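Asks: Line by line, the protein sequences are chains A and B. Counting with this note's numbering, you get residues 31 to 460 for the letters of the first sequence. Counting with this note's numbering, you get residues 31 to 460 for the letters of the second sequence.
In case anyone wonders, no lab produced these hints; they're calculated from the structure. Treat the hints loosely; a few may be bogus.
Unchecked claim - Here are the simulated DSS-like pairs of lysine-lysine, each with C-alpha atoms no more than 30 angstroms apart in a straight line:
#	chain 1	residue 1	chain 2	residue 2
1	A	Lys42	A	Lys32
2	A	Lys121	B	Lys430
3	A	Lys121	B	Lys121
4	B	Lys430	A	Lys430
5	A	Lys430	B	Lys155
6	A	Lys32	B	Lys453
7	A	Lys430	B	Lys453
To be verified - If you only want the chain B side, here are some residues facing chain A, beta carbon under 7 angstroms, derived:
#	residue
8	Tyr158
9	Tyr246
10	Phe248
11	Asp252
12	Ser255
13	Asp278
14	Glu284
15	Met288
16	Pro381
17	Pro404
18	Ile417
19	Leu434
20	His443
This structure is a prediction, so every number in the text was calculated from the model and none was measured. Ideal Cβ positions, reconstructed from N, Cα and C, are used throughout, including at glycine.
There are 2 protein chains.
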Amino acid sequence: MKVMPASEFSLKREVEYGSPEQNEAVQRIIEEVRQDGDAALRRFAQQFDGVNVGDLRVSSAEIEAAYQQVDEDFLTAIREASVNIRRFHEKQMRTSWMDLQGDGSILGQVIRPLRRVGLYVPGGKAAYPSSVLMNAIPAQVAGVPEIVMVTPPATAGVEGIDPHILVAAAEAGVKEIYRVGGAQAVAALAYGTESIPAADKIVGPGNIYVALAKRYVFGAVDIDSIAGPSEIVVLADGSADPAYVAADLLSQAEHDEMASAILITPSEDLANAVRTEVELQLQALPRREIAAQSIRDYGAILTVSSLEEGVDAVNRLAPEHLEILVADPFQYLSRIENAGAVFLGPYSSEPVGDYFAGPNHVLPTNGTARFSSPLNVDDFLKKSSVIYYSKEALLRDGEKIMTLARHEGLEAHARAIEIRLEKEGNRNGQ
Amino acid sequence: MKVMPASEFSLKREVEYGSPEQNEAVQRIIEEVRQDGDAALRRFAQQFDGVNVGDLRVSSAEIEAAYQQVDEDFLTAIREASVNIRRFHEKQMRTSWMDLQGDGSILGQVIRPLRRVGLYVPGGKAAYPSSVLMNAIPAQVAGVPEIVMVTPPATAGVEGIDPHILVAAAEAGVKEIYRVGGAQAVAALAYGTESIPAADKIVGPGNIYVALAKRYVFGAVDIDSIAGPSEIVVLADGSADPAYVAADLLSQAEHDEMASAILITPSEDLANAVRTEVELQLQALPRREIAAQSIRDYGAILTVSSLEEGVDAVNRLAPEHLEILVADPFQYLSRIENAGAVFLGPYSSEPVGDYFAGPNHVLPTNGTARFSSPLNVDDFLKKSSVIYYSKEALLRDGEKIMTLARHEGLEAHARAIEIRLEKEGNRNGQ
Chain A
31 MKVMPASEFS LKREVEYGSP EQNEAVQRII EEVRQDGDAA LRRFAQQFDG VNVGDLRVSS
91 AEIEAAYQQV DEDFLTAIRE ASVNIRRFHE KQMRTSWMDL QGDGSILGQV IRPLRRVGLY
151 VPGGKAAYPS SVLMNAIPAQ VAGVPEIVMV TPPATAGVEG IDPHILVAAA EAGVKEIYRV
211 GGAQAVAALA YGTESIPAAD KIVGPGNIYV ALAKRYVFGA VDIDSIAGPS EIVVLADGSA
271 DPAYVAADLL SQAEHDEMAS AILITPSEDL ANAVRTEVEL QLQALPRREI AAQSIRDYGA
331 ILTVSSLEEG VDAVNRLAPE HLEILVADPF QYLSRIENAG AVFLGPYSSE PVGDYFAGPN
391 HVLPTNGTAR FSSPLNVDDF LKKSSVIYYS KEALLRDGEK IMTLARHEGL EAHARAIEIR
451 LEKEGNRNGQ
Chain B
31 MKVMPASEFS LKREVEYGSP EQNEAVQRII EEVRQDGDAA LRRFAQQFDG VNVGDLRVSS
91 AEIEAAYQQV DEDFLTAIRE ASVNIRRFHE KQMRTSWMDL QGDGSILGQV IRPLRRVGLY
151 VPGGKAAYPS SVLMNAIPAQ VAGVPEIVMV TPPATAGVEG IDPHILVAAA EAGVKEIYRV
211 GGAQAVAALA YGTESIPAAD KIVGPGNIYV ALAKRYVFGA VDIDSIAGPS EIVVLADGSA
271 DPAYVAADLL SQAEHDEMAS AILITPSEDL ANAVRTEVEL QLQALPRREI AAQSIRDYGA
331 ILTVSSLEEG VDAVNRLAPE HLEILVADPF QYLSRIENAG AVFLGPYSSE PVGDYFAGPN
391 HVLPTNGTAR FSSPLNVDDF LKKSSVIYYS KEALLRDGEK IMTLARHEGL EAHARAIEIR
451 LEKEGNRNGQ
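Take these sequences, add in the hints, and give me the full structure.
Replies: Structural data, given as structure tokens:
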């Protein structure tokens, strides 16, 4: 791993917008689905997945059968993780509120769940049961009455949906599942077909075609943010165990070649020890080629003169994941301004959060932690303002409202007030 | 106004994406600002506004001088409106929280303001002091330490910034103001120049060039939603005063030719009376040509068999503004699923909310109330997850985390846990 002063490092990866050909292909697929509905979905399943799809919807019998195909350890782990994720997200729940005014007026905010949310789940090796939980449970906690999942009917030509995905969906409370993938699945969720009613929001990871399709339908429906490659920054002092630091860096690096794993430390000894440990542990990994390339291209050990300078570097990088492996980690928490998730102390290895503890693993990447948040219950709620003005309040405030409206040249706004002041004033005998 | 059954009506206006020429112009402007900084801003001020800009930043002397140029009524109204807006948005404020586990672990959510927010304010007749309040105050309530405003240095070749805008900004607590407008202002806020540090989020309305520029820089910074034309739906029964209904419909229609004003009612008498009143009141409006075209193209009186059917029609339309003018308006509130702001009863005319009551007037348009919310304090907050796992918790949960990681083929994730279980287990003598 390269070692350099933190002040000389910057991490910038371009956002993937796809080639013109990919964009055209996605646009064509979406328009075909809008036009031909289910027939288009079946055509694309044949064309892209090599599958003749019968029922688009996965039957409850298939979901039940999936439970027979997963082992007990997996089921136990998924169930406990679900409990933890649900508990953490329930703490985020909000309620509608009213502000009762002395003059009889009532102002408020109605907070409601979205009605219908679509969850995209990729096929094959990218089908992560943990992602099903992380995307579906916040929507369920928000109270979304209809959560629907779409996933490809086949992987590399082999028909079928991974039973672990079906089990994770069922455990997260998702029972409406369709075998449709790619841009065509996004189109179906955005505009609806005969079999698949349109949703209000689409979430979940996918390949470039899915990402481009989400971007294309945004506005007709809401979408989540489009995730970039994964990142971890470990801020550590001499008290940290270099083997832990190296293992945690590699757990990000194995994700893909563009993932980034960075150590920031004032300790030269730790820097050297981690460098050695990374090389050592790397050799034993099944995904060592991916991890090695990620470490080479986007990994670094950044030296700082103090942990305070390290914190500044963290805030500049705004990492998706931040581990603080120092003697008293909480003393730095209030100075961390930009990070998706903060892992404190030696036992909070990043996979604890990826899979189990409860907080969401869908996190802002590529520096967007400056202004974005982990996926959370708010992402599945919407608000409406409520204004109930009393006659007393209107008679009191009317002139001021008219002053502002007339200043802005909006006479009809002023008259909507004026006509009431005239009539109500008269009715009052004023 | 045309009258038709609600079931036959649909309102769909296309989102404005600009011409290829407009998009290219915006892209070129942004790249020039990235490259040349302040020099580019001055060049564009000369080219587009016909102004030689001296200091880009508006001095505090200019802001103080602006107070001398606005009249007392305006200042009083702006100040009272600010108090109301601040009060309503303070109710939305949230705090960081912790969930302390029995095993010593701590999970939580840190909630912080964004560091720096840029507010775009258009020049000329589109310069609305009320919009300055509605955009700046929620950011201020959220605790954003740096709120900066940009606005064109001139309108139609006449140099200067409307003093009402400067006063509104000062009243909302905004003291950092730059004379720069258009796509170049958006570029400055997104990427920074010598004089204008980059922001984390850009909010506020603007013309098509500003909207395209916001779309272009999204990702480098956050942006608010891009507003479509304004809309009002009035749901009314025979108890409503037709003059009030007509006045409120016209107050939206005067905004622009694409604004939409719709009455939904089961009362034939009201439908007829409103139709007559709209024609009558229209004649007396200074902006009658705009309002008449809006009413003709996007206005309608929709007849329904019952208020319940009317509520269904409202939810289908998902209007920006909804007025409920019926005998007991609160009885319908819980059935309204999709609306930006709901105005209840005869004294809650829509301009009450536009200017004064406190709720925000930046609202979801074009059906997006299905999944979007009024501008609110959350839009200026970001969250980070916090995970502090205890040794006890890790030893208890480690195997399950490894099960899930290995199932997903992420061996390095499993090993980051395993290496801890081995070492800590041994240290414990387990």
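Asks: Would you mind marking each hint as holding or not holding in the structure?
Replies: Here is what the structure says about each hint:
A distance of roughly 17 angstroms separates the Cα atoms of Lys42 of chain A and Lys32 of chain A; the hinted pair therefore holds under the 30 angstroms criterion. Note on Lys121 of chain A and Lys430 of chain B: the hinted pairing holds, with a Cα-Cα distance of about 24 angstroms set against a maximum of 30 angstroms. A C-alpha spacing of about 18 angstroms is found between Lys121 of chain A and Lys121 of chain B, which places the hinted pair at or below 30 angstroms, so the restraint holds. Proximity of Lys430 of chain B to Lys430 of chain A is assessed by CA-CA distance (about 63 angstroms); at most 30 angstroms being required, the pair is judged violated.
Of the supplied pair hints, the one linking Lys430 of chain A and Lys155 of chain B holds, its CA atoms being roughly 20 angstroms apart against a limit of 30 angstroms. Our distance criterion of 30 angstroms between C-alpha atoms is met by Lys32 of chain A and Lys453 of chain B, whose separation comes to about 28 angstroms. For the hint pairing Lys430 of chain A with Lys453 of chain B, the CA-to-CA distance comes to about 71 angstroms; that exceeds 30 angstroms, so the pair is violated. Below 7 angstroms, beta-carbon pairs count as interface contacts, and Tyr158 of chain B has one with chain A at about 5 angstroms; its hint therefore holds.
This hint is violated: Tyr246 of chain B has a C-beta 11 angstroms from the nearest C-beta of chain A, more than the 7 angstroms allowed. At a threshold of 7 angstroms, the smallest CB-CB gap from Phe248 of chain B to chain A is about 10 angstroms, leaving the interface hint violated. The beta carbon of Asp252 of chain B comes within 4 angstroms of a beta carbon in chain A, closer than 7 angstroms, and the hint placing it at the interface holds. About 9 angstroms separates the beta-carbon of Ser255 of chain B from the nearest beta-carbon of chain A, more than 7 angstroms, and the hint is not met.
The restraint placing Asp278 of chain B at the interface with chain A holds, with a minimum CB-CB distance near 5 angstroms, inside the 7 angstroms limit. Because the smallest distance between the Cβ of Glu284 of chain B and any Cβ of chain A comes to about 4 angstroms, under 7 angstroms, the interface hint for this residue holds. For Met288 of chain B, the interface hint is violated, the least distance from its beta-carbon to any beta-carbon of chain A being 16 angstroms, above 7 angstroms. Satisfaction of the interface hint for Pro381 of chain B is found here, the shortest Cβ-Cβ separation to chain A being roughly 4 angstroms, below the 7 angstroms cut-off.
For Pro404 of chain B, the suggested interface contact is upheld, since its CB lies about 5 angstroms from the closest CB of chain A, less than 7 angstroms. Among the interface hints, the one on Ile417 of chain B holds; its C-beta lies about 5 angstroms from the nearest C-beta in chain A, closer than the 7 angstroms criterion. Residue-level restraint check for Leu434 of chain B holds (minimum Cβ-Cβ distance to chain A is 4 angstroms; threshold 7 angstroms). Hint status for His443 of chain B: holds, given a least beta-carbon distance of 4 angstroms to chain A, under 7 angstroms.
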